[in-house]
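Colleague: Sequence:
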Amino acid sequence: QTLKSRGQSVAGLSERNEWDWYLDKAKLDVKKLADDCWPASLAELDKKTLKPIFTTDFVREKAEIAWGRGKAKVVIEAALDLGKVVVGKQSEEICELELELRQGEPEALLELASELAADLALMPCDISKAERGYRL
8 QTLKSRGQSV AGLSERNEWD WYLDKAKLDV KKLADDCWPA SLAELDKKTL KPIFTTDFVR
68 EKAEIAWGRG KAKVVIEAAL DLGKVVVGKQ SEEICELELE LRQGEPEALL ELASELAADL
128 ALMPCDISKA ERGYRL
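First residue of the sequence shown: 8, per our numbering; consecutive thereafter.
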């Protein structure tokens with residue numbers, strides 16, 4: 008189960024807070040949505056009234072990439088997600104390579120993305136899995 012704040016996204020680079028919880032069952036657990044991650048603007052909302060609108064079903068493969076950049080160290084997590092977003096009988100495929108800066112300057116992230124895009128059919132995308140679900 009994942010909760011992401013709105014944040015901002017520009018040219019495929021996103022910046023937002025994110026909370027993840029492992030669940031034993033594929034069922035929304037509102038008890039995980041504690042006040043420390045819940046938006047203040049929704050404080051009056053009864054979380055028990057929340058209902059799933061869509062589901063994401065994907066497999067994630069992760070790797071950590073680290074190198075020296077001048078005197079600084081750069082660490083980037085690369086995550087490949089393959090699967091689908093499902094709303095009822097409709098679905099949309101997911102095939103995403105997400106690069107997350109763990110340590111270092113944001114320019115290093117852009118450099119790695121450019122190098123990968125030179126050899127692979129990649130393009131920046133600001134559309135999240137959640138947005139894909141809402142669009143379906």
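Simulated from the structure, these hints should not be mistaken for lab results. As the structure is a prediction and not an experimental result, all values here were calculated from the model. Take the hints with a grain of salt, since some may be wrong.
[Unchecked claim] Listed next, the in silico DSSO-like pairs over lysine-lysine satisfying Cα-Cα at most 30 Å (straight line):
| # | residue 1 | residue 2 |
| --- | --- | --- |
| 1 | Lys-136 | Lys-55 |
| 2 | Lys-32 | Lys-78 |
| 3 | Lys-69 | Lys-91 |
| 4 | Lys-136 | Lys-39 |
| 5 | Lys-58 | Lys-136 |
| 6 | Lys-136 | Lys-38 |
| 7 | Lys-55 | Lys-91 |
| 8 | Lys-91 | Lys-39 |
| 9 | Lys-58 | Lys-38 |
| 10 | Lys-38 | Lys-69 |
| 11 | Lys-32 | Lys-80 |
| 12 | Lys-136 | Lys-11 |
| 13 | Lys-11 | Lys-32 |
| 14 | Lys-136 | Lys-91 |
| 15 | Lys-80 | Lys-96 |
| 16 | Lys-78 | Lys-11 |
| 17 | Lys-11 | Lys-69 |
| 18 | Lys-58 | Lys-80 |
| 19 | Lys-34 | Lys-136 |
| 20 | Lys-32 | Lys-136 |
| 21 | Lys-11 | Lys-54 |
| 22 | Lys-34 | Lys-91 |
| 23 | Lys-39 | Lys-69 |
| 24 | Lys-80 | Lys-54 |
| 25 | Lys-55 | Lys-80 |
| 26 | Lys-91 | Lys-54 |
Colleague: Please name the hints from earlier in the document that this structure breaks, with their numbers sorted from lowest to highest.
Modeller: 2, 11, 15, 16, 18, 24 and 25
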